[in-house]
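Trainee: In case you want the letters, here they are:
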Amino acid sequence: MKNPKTFKVFIVEDDLWYSSMLEYYLSLNPDYFIQKFDTAKSFLSRLHEKPDVVTLDYSLPDMNGDKLLKQIKETSPETKVIIISGQENVKVALDLLKKGANDYIVKDEDAKDKLWNAIINLRENIQLKQEIETLKEEVSRKYDFSNAIIGNSPVIQRVFSMMEKATRTNITVSVTGETGTGKELVAKSIHYNSPRKNLAFVAVNLAAIPRDLLESELFGHEKGAFTGAISRRIGKFEEASKGTLFLDEIGEMDINMQAKLLRALQEKEIVRVGSNEVVKIDVRIIVATHRNLLEMVKNGTFREDLYYRILGLPIHLPALRERENDVLVIAKHFMDNFCKENNLPRKNLSTEAKKKLMGHAFPGNVRELKSVIDLACVMAEDKEIEAEHLNVMSQNMISDFMLKEATLKEFTIKFIQFHLDKYNYDVLKVARKLDVGKSTIYRMIQNKEVFVNKKFSFEASFMN
Amino acid sequence: MEIFMEPAEKLYDLNQLEEIAAGNNDFLTALAQIYLNTIPDTSAEMVEATQAGEWAKASKLAHKLKSTIDSLNVHSIVKDIRSIEVDGKNKVNTENLKTLAIKVDTVINKVAEQIKRDFSL
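Line by line, the protein sequences are chains A and B. In terms of the working numbering, the first sequence has 420 at position 420, counting the first letter as 1, and numbering is strictly consecutive. In terms of the working numbering, the second sequence has 63 at position 63, counting the first letter as 1, and numbering is strictly consecutive.
These aren't lab readings, by the way, just hints derived from the structure by calculation. Be a bit skeptical, because a hint or two may be false.
What the hints assert, rightly or not - With a cut-off of at most 30 Å between alpha-carbon atoms, the simulated DSS-like pairs for lysine-lysine come out as follows:
no., chain 1, residue 1, chain 2, residue 2
1, A, LYS355, A, LYS370
2, B, LYS98, A, LYS36
3, A, LYS67, B, LYS60
4, B, LYS89, B, LYS110
5, A, LYS70, B, LYS60
6, B, LYS91, A, LYS36
7, A, LYS91, B, LYS89
8, A, LYS99, B, LYS79
9, A, LYS50, A, LYS98
10, B, LYS89, A, LYS70
11, B, LYS10, B, LYS103
12, B, LYS10, A, LYS98
13, A, LYS67, B, LYS57
14, B, LYS60, A, LYS41
15, B, LYS103, A, LYS98
16, A, LYS91, B, LYS79
17, A, LYS429, A, LYS165
18, A, LYS268, A, LYS355
19, A, LYS429, A, LYS142
20, A, LYS370, A, LYS409
21, A, LYS136, A, LYS41
To be verified - If you anchor each label on the Cβ, the simulated ranges turn out as follows:
no., chain 1, residue 1, chain 2, residue 2, range
22, A, LYS41, B, ALA52, 26 to 34 Å
23, B, ALA22, A, ILE234, 42 to 50 Å
24, A, TRP116, B, VAL78, 54 to 62 Å
25, A, LYS99, B, ALA52, 34 to 42 Å
26, A, LYS41, B, GLU54, 39 to 47 Å
27, B, LEU121, A, LEU128, 32 to 40 Å
28, A, ALA200, B, THR29, 52 to 60 Å
29, A, LYS99, B, THR29, 33 to 41 Å
30, B, ALA52, A, ASP113, 49 to 57 Å
31, A, PRO61, B, VAL78, 20 to 28 Å
32, A, ASN337, B, ALA22, 16 to 24 Å
33, B, ALA52, A, ASP14, 18 to 26 Å
What the hints assert, rightly or not - A short, non-exhaustive set of chain B residues, derived as facing chain A with CB atoms under 7 Å:
no., residue
34, ASN25
35, PHE27
36, LEU28
37, GLN33
38, ILE34
39, THR38
40, HIS63
A quick note: this is a predicted structure, and the numbers were derived from the prediction, not measured. Where a beta carbon is used, it is the ideal one built from N, C-alpha and C, also for glycine.
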């Protein structure tokens, strides 16, 4: 950001008396650098210095204010211009404001105070704009793929490749994955790396909005549309205009609302609740769910036409347990960040701690890993994080059931169930990993010794 | 037209400028010097313009003098300088403008004398 001390104000005024007065008055603010010019020609020769603000006398001897304003806007569009005129002429003032002047002040006894305030306001405006630009750059950096999503596993590399494809067009993106895998992070990364990055990213968690309010939340409402609608309010579609609308937990949407959403997506237009007026929309849609939408279509709880409308480019986020060594890479990233943010010395994972993390199934995925690591950083007194500092849910630990006395058959069942849970009930993958026949596992499933559904497998493990 | 004023009557005040100066007398002296160097000449030019019937030029010069007259609160000619500016621009009541310009010029020169005296310039 520009040093505030270098805030440059040029006074263009042929009346030496008046310009001296302004120069003296404005220089009472030590943050301003003031320079005065008595002709348009002398001022234009220094315009390349790009002053922050120009106070411009409308009636200069060598060029009229209109023409000079145009030249300023062409050469230094960021420069703010305050017109100072000897006469109050509303028509001229409006015309100049339309042409890009930022203020119009009449030379009267209050002029100096008006000018003082106008410059303060413009300066705040400029600083806010600069802050927004800086923040935008920071957000872009934050959501750069390599900074936002950490990992080297082939499965996550495939996700990066799909995300990159998603940034190039406006295609609708559907992100699936278990809870805590980073679906919103993916949506934001796509947005902030796409041509729409300078416009709004609006996220709506459809599961968190009461059914009765969802239509108004998405499409907006007119004053008096329903009890409590005390004023007109735009909805999320309009809020995200020319940007990206992220519809999280789309599988939770009521079937009636699905029809309205489908219409909005198909027609690219919405109607606010309580209005007849059609509003055209231009938004990029990214949806996410942890549910199996195709299964829901088969069950009749999700509209097939909407399913195909939102499917677009599907990106499936793998569960953390499927991402091999990524768990250690991400753990290190979280450790470094937590220690930096909390002014703690950097920490490492001991060999036992690494083993413990690698052995955990992480049903809560990256979100769970972050919470485990943050706590471990707090608990570990020394530089090294030990296994005992990692507070993970015991039903997912190999070591936990290994410690209990059981028959070989019971161990086998628990061991296979653990791997089924870990690899998302992919029987073929588990058979490969454990080097057993797939028919052995299928037989155990048939005998209800192991389960390929998380709910039942947890229940089974509790019952045992 | 006769200009009635007591020899000792103060034709201007520094209230507005003192407020800006906030105790900085150097600034007031610098402005006084600017007045002496520029304002009587501009005023003389305005008188010449009215004598020559160059009403638009007279109007522009009156416009230029206006802010100085206002900030020094030279109240005896505050209205007159505006009449010259507006009527000159619109080319109306031009028969009075010559006289008004002379009146304004006389006061401006009197103010110059008072400033010289007050600031020891």
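Trainee: Each hint needs a verdict: does it hold in this structure or not?
Mentor: Hints, verified against the model:
1. A/LYS355 / A/LYS370: Roughly 17 Å separates the two Cα atoms, so the pair holds.
2. B/LYS98 / A/LYS36: Measuring from Cα to Cα gives roughly 34 Å; hence the hint is violated.
3. A/LYS67 / B/LYS60: It holds: about 18 Å lies between the C-alpha atoms, which stays within 30 Å.
4. B/LYS89 / B/LYS110: At roughly 27 Å apart (the allowed maximum being 30 Å), B/LYS110 and B/LYS89 satisfy the hint.
5. A/LYS70 / B/LYS60: Given pair A/LYS70, B/LYS60 holds - Cα atoms ~23 Å apart, limit 30 Å.
6. B/LYS91 / A/LYS36: Violated - the C-alpha atoms of A/LYS36 and B/LYS91 are around 33 Å apart, more than 30 Å.
7. A/LYS91 / B/LYS89: Within the cut-off at roughly 17 Å; holds.
8. A/LYS99 / B/LYS79: Violated - the C-alpha atoms of B/LYS79 and A/LYS99 are around 33 Å apart, more than 30 Å.
9. A/LYS50 / A/LYS98: holds (21 Å)
10. B/LYS89 / A/LYS70: holds (25 Å)
11. B/LYS10 / B/LYS103: holds (16 Å)
12. B/LYS10 / A/LYS98: Violated, at about 45 Å.
13. A/LYS67 / B/LYS57: Roughly 21 Å between the alpha carbons, so the hint for A/LYS67 and B/LYS57 holds.
14. B/LYS60 / A/LYS41: holds (19 Å)
15. B/LYS103 / A/LYS98: Judged against 30 Å, a Cα distance of about 41 Å means the pair is violated.
16. A/LYS91 / B/LYS79: Holds, at about 24 Å.
17. A/LYS429 / A/LYS165: holds (28 Å)
18. A/LYS268 / A/LYS355: Violated - the C-alpha atoms of A/LYS355 and A/LYS268 are around 51 Å apart, more than 30 Å.
19. A/LYS429 / A/LYS142: violated (35 Å)
20. A/LYS370 / A/LYS409: Cα-Cα ~35 Å, so violated.
21. A/LYS136 / A/LYS41: violated (38 Å)
22. A/LYS41 / B/ALA52: 26 to 34 Å: For A/LYS41 and B/ALA52 the Cβ distance comes to about 27 Å; the hint holds.
23. B/ALA22 / A/ILE234: 42 to 50 Å: holds (49 Å)
24. A/TRP116 / B/VAL78: 54 to 62 Å: Taking Cβ atoms as reference, A/TRP116 and B/VAL78 lie about 24 Å apart, which means the hint is violated.
25. A/LYS99 / B/ALA52: 34 to 42 Å: Holds: the Cβ-Cβ distance is about 35 Å, inside 34 to 42 Å.
26. A/LYS41 / B/GLU54: 39 to 47 Å: For A/LYS41 and B/GLU54 the Cβ distance comes to about 24 Å; the hint is violated.
27. B/LEU121 / A/LEU128: 32 to 40 Å: Given range 32 to 40 Å: violated, Cβ gap about 47 Å.
28. A/ALA200 / B/THR29: 52 to 60 Å: Cβ of A/ALA200 to Cβ of B/THR29: about 57 Å, so the range 52 to 60 Å holds.
29. A/LYS99 / B/THR29: 33 to 41 Å: For B/THR29 against A/LYS99, whose Cβ atoms are near 40 Å apart, the range 33 to 41 Å holds.
30. B/ALA52 / A/ASP113: 49 to 57 Å: Cβ of B/ALA52 to Cβ of A/ASP113: about 39 Å, so the range 49 to 57 Å is violated.
31. A/PRO61 / B/VAL78: 20 to 28 Å: The hinted range 20 to 28 Å holds for A/PRO61 and B/VAL78, with Cβ atoms some 24 Å apart.
32. A/ASN337 / B/ALA22: 16 to 24 Å: Hint violated: Cβ distance 52 Å, outside 16 to 24 Å.
33. B/ALA52 / A/ASP14: 18 to 26 Å: holds (22 Å)
34. ASN25: violated (12 Å)
35. PHE27: Holds. Min distance 5 Å.
36. LEU28: violated (10 Å)
37. GLN33: violated (10 Å)
38. ILE34: holds (5 Å)
39. THR38: holds (6 Å)
40. HIS63: At about 5 Å, which falls below the 7 Å cut-off, the nearest Cβ of chain A leaves the hint on B/HIS63 intact, so it holds.
In summary, the structure is inconsistent with hints 2, 6, 8, 12, 15, 18, 19, 20, 21, 24, 26, 27, 30, 32, 34, 36, 37 from the numbered list given earlier, while agreeing with the others.
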